[in-house]
Each structure stands twice: as structure tokens, then as C-alpha cells.
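Place chain U on chain Y using the hints.
Read top to bottom, the protein sequences are chains Y and U. So the first sequence is numbered by this note's numbering: it starts at 1 and just counts up by one. So the second sequence is numbered by this note's numbering: it starts at 1001 and just counts up by one.
Simulated from the structure, these hints should not be mistaken for laboratory data. Glycine included, every Cβ here is placed at the ideal spot set by N, Cα and C. You can take every hint at face value.
FRET-style restraints, in silico, Cβ to Cβ: (1) U/1084 - Y/153: 31 to 37 Å; (2) U/1127 - Y/145: 36 to 42 Å; (3) Y/156 - U/1301: 53 to 59 Å.
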Amino acid sequence: MITYIIRRLFAALLLLFIVSAAVFSIFYLVPRLVGATPETLATRYVGRAATPETVHLIAERLGFYDPIWLQYGRWVKAIFVGADYNIGSSVEHCPAPCFGYSFVTHQPVWPDLLDRLPVTLSLAIGAALLWVAFGVSTGVLSALRRGTFLDRAAMGLSLAGVSLPIFFTGLLGLLLFSYQLGWTAPGGSYTPFFENPGEWFYSLLLPWIVLAFQFSAQYARLTRAGMLETMSEDYIRTARAKGLRERDVTTRHGLRAALTPLLTIFGLDFGLLLGGAVLTEQVFSLPGLGKFAVDAITNNDLPKVLGVTMMAAFFVVVANLIVDLLYAVVDPRVRIS
Amino acid sequence: MAENFLEVKNLKISFPTDDGLVKSVNDLSFSLERGKTLGIVGESGSGKSVTSLGILGIYNKKNAQVEGEIWLDGQELVSASDEERRKLRGSKMAMIFQDPLSSMHPYYSVGRQIMEAYRVHHRVSKQVARKHAIDMLGRVGIPQPSRRVDDYPHQFSGGMRQRAMIAMALVNDPELLIADEPTTALDVTVQAQILDLMHELQEEFNSALIVITHDLGVVAELADDVLVMYGGKCIEYASAATIFEQPEHPYTWGLLGSMPRIDRPQMERLVPIPGLPPSLINLPTGCAFSPRCAYEPRTGGLGTTVPPELVPAGGSKHLVRCHLPTEERQRIWAEEVKPKLEAQ
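The shape of chain Y in the complex, shown without the other chains (with noise of 0.2 Å):
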């Protein structure tokens, strides 16, 4: 058991860093690829009226004529003992974990990111809840009452979960529950937690159920699809001839092996949504990462975008970690191969 976990961990923290080898690569390889040159990416650091000697000193002192490997060495060193970047008028300071600085604002990118995370935190938790008290219960249901009315209904109400995107069912409940019916928050007014609960929880509602419909459809027919295998299984069976009561049965001998699968496929989903619920947060205005993400890729801002993604792959590798030695205390087969 122990081994497995330092085995875990040590390939964890292995897939971290050729993931932000990876990332760091292509953020500053491809811009070359397609013709940039040192010159044109120091121009985003300094005014557009720069000559092109200062330009040329920037991208110097900024290290853009160094080696990849050199420049991705820098970037990790930054993280454990921060960096000084000096663009010509003055030297900006980046204090250590420092994830890169942003030109655009002048700002280190790190604690940007660290205001963001609460809001996709709380968006991500309270859809997760909802998702899976509504969508494994449903699924169970659906498969338990297979054929009749209620399950065909559930079915075709989760084909439209799944295939109905989050910019329609968002803006479709934005104007039916915050606009003519007032329940909701409208759009743009988060609050934090620890500045009013419930203010909060009024701000996220719809954002949470909006979220929460698409992953609860695609969980559900996934729970109900793992349902009607299991039950089908021998052991369900010898469970039976035990004279089990048919909702121990159900329970804990058929829905305890249907939810095993589930468990990998919530932690990828969790972890990717850690790393920004772009949609919801674009919809809904919610400063989360998401948010974050895209305004940094509009106003082509390559720190701040390197920096979420780094900590959306963070967010999906430890999630994965997380699943890998949850799974082990789930299945004992696991445990012991």
C-alpha cells in the first residue's frame, strides 16, 4: 500500500513537470514558429513607440534570445525563489512562487490567481454536490425502473442535459429566473463567502444548477448504465440467495460496484473544472479562473495565460492522484496488485 502511494505520487509529480515542460514549450515555441522573433514578443512588454534599440535591449534583459530549456529553467527557478524582471524604466519584482508577470498589468500572476480560485471553488463544489446527489440518484432510479415512464422521461431530460451547451441553458435561465422571474442572481454579482454566506449562495444558485444539469444528465446515464450491468452480475444474484432485502441488494452489493467506474471519471471532471469553468464564468461574469483565462488570452496575455494553465493541468494531475489512491481503499483489487 505504501509503495503504491510514493509510486503514485512520484509519477504524479513526474507527469507535472513534462506537463509544464509541455506548456512552457508551446507557449514559447510556437509564437516563433509562426514568425515571431525575440523583437516582437519583447514589443508586447514595452510601448509601441519604443525604438528598436530598446526593444532589442528588453527582449535581452528578458532572456528571449536565450535557449528554450534556459528560459524554462528560469520560469521554474522563479516559482521556488521568485525573479526580478527588469524592462528598461524600472525592475519589477516577482516574489517567489512566482508563476511569471504580466506587462499587460504590471502585476505578478500569482496572486491574481489565488483571488480567482475561490470563486471557481465555489462553483465547482456546489455543482459537484448537486451534480452527483442528482444525477446518481436519477440514474439509479432510471435503472431500477427500467422501461417505465419515469426512466424514459430522466433519459430524454439527460439527452438534453448532455447535448444542450452551458451558453444556451445559462442565458435561458438567466432570463427566465433572474430577468422575469427575479429567484436568481442576474449575472455578474458575485460575492465572497466570508463577505456575506448568503449573498453568496444567491450569487452562485443558478450558476450551480446551470453547471450542475449538464454533468448531472451525463452522470446519470452513466449511473444507469453501470446499474444494469451490475445487477445483472453473479454476485447480485448469490446476494439474492442470501435472502438479502432487495434495497441491500440495490445498494450495497449493486450500486457500490456501478459507482467504482464513476469515481475516475468525477475526479477528471473535477479536477478540469478546478481549472476554470470557462463557460459558466463567461456566462454568469464570475471573476473565477475561467474568467481569468480568457480575458488574459484576449488581451494576449501570455504570463497570466501560462500561469492558469499550469494550474488547471495542477488542479487535473492531483485529482487523478487523488482517484488513483481513493480507488485503492475502494476496490481491494487494486490494493494488492
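Relative to the frame of chain Y, chain U by itself:
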């Protein structure tokens, strides 16, 4: 109503499907006393497993039609409520399944699964149930049971798993035990051990045992009486000795001919029964076995037109469902079939 411990009367189990009504068990009757073993033999799809699940009451009323009577120790089960049947399942009657790996839950330890079986029917603490589980594992011959009790099914060997399965079935001292192909998934050497174990335990518990199998070797080892099923019906019923010495149904002859025997040299001379088992939706008119029966022409057309009744045959309590006259069947067995089987 019933003098025997288990009495099945005119049992019919069918399943409506889109293609028609699947008549899995069609008018089956038999009885069994405590301490005795009945072997139910037949090909896949002959209705033997459905019969056992029917007795245990593991069917969904929505898609299974069950008719007839099943009397267990004076209680009728077909008309009983789901809850009444559930309370008897695992306590008064228990079942051992074919493949112990897929029949045990992969996520729960063997001990926990045995404890669960015990605690459904006994209001005891986990500690007491655990002691009981360890005790049972020891009794079915699992070494170091107090250590193995927390192991998971995948950590057991095939034979050990089947022993654990037996322990799970016997944990509530059932009076009726049904074993569905108990040795099919096991190595030959382990098969013998499991059969011995079942025999010992049956004597110890004095339970009634039904062994469902397609393996006549298992029948020879365990059964007092044998019921041969074909197309959902009993086509021959006799003591085990009679089945091997004086069988009267052509299908039983076929089964004997297709049985590998260790005391015969060449395996390739096994004689398969030609053709396929009948469709349970459209059973052949007349005798269900007639399309595959070599002796059908000797029935004078009856075989393909009139369904034969189950009638007394040569041996004591010997029943057979065949149009051929008793003397004719005995003559064919003695003069045509038996010499061929022995010459193999």
C-alpha cells in the same frame, strides 16, 4: 398437503419475451427427503437452473410467470409473498453457484460476505458473526481460517473460493441446499475434493441436496435419485443406480454415450447427441426429443405428433417420458445401446 420435505408439483416457469413465451420449466414434479440427494441433469437450456432459482424464489414477478406448487417443509412457496420467500432464502434453503469468482462480490472480504449471510437471518453482533464465519471457513477445510477471513475473493484459489461459497451457503444450517454446477469451474483434482466435502457436510447437516449438473460423473458421486430434464420437462426419473444400469430414455442413453470415462481408453470415441436442444419458445410437436431421436421411426408416427406422458418404467420409482413400449426400450438398451457403450 405434502408428505415429503420438498415437493414440487406441476411447476411451470415461463418468461414472456418479444419473440414469444419462453417455457423454461414445463410441468415439472419431483420430491425430496431430508438427507437425500437429487441430481438434476440436462443440457444447457433444459431448465435446470431456472428450476433452482424458481425454488429459491429468485425471479422477478414482472418478467417471470410461475405456476404450480413448491412445498418446503409444509409451506407453499409459489403463493407465498416475496418477503416470506426472502426470509427462507439463505436460512432454510441455500444455494451454491457455479463460478465462485463471479458469484462473490469483488469488493467485500470473504468473511464479510459470510457474516452478511449470517446476520440477515440472525440478530447478532459483528463479533459473533465473525466468529461464526471463521468457524464455518474452518469446517469447509480452509486452513488458518482466522487469517483468511479478511482476504478478498481474488486472493483465494478456485477451490478455496468454492469452499468459501459453500461456507456462505451453509452458515445458517439450511435444510435444503441447491448446488448449481458446483464443480464445473474447478480443476479436476479440486472437483473431487469439493464433491467429497459436499457429501460429508450433507451427512453432518442431514440436509436435502439438489445437485444441478450436466456432468454424470458428479451425479454418480453424489446423487441418490436422478431427474433428467429435456426442453423444460422431466423425461426420465430413477435412482442413480437405475440411471446408469437400466436407463430407458434414448436421451439418457445419449448422455451416457457422451460422457468421458477414465476407464475407457480412447476419448475420441465419445458419441455426441446429434442436433441442438429444442427452442423453448416453439417446442417440437409430439415428443420434444423426437427430432434428435434415432428410435423415433419405431414409434409409428406418434413421436412427432403426440407429446408422450411420464409413465412408470422398468425400475422401482422409475419414470420415463417415451412412446416406445417398456419391453422395446429395455430390449434396445440391452441389445443395441449398452454393448456399444461398453465396446467404446
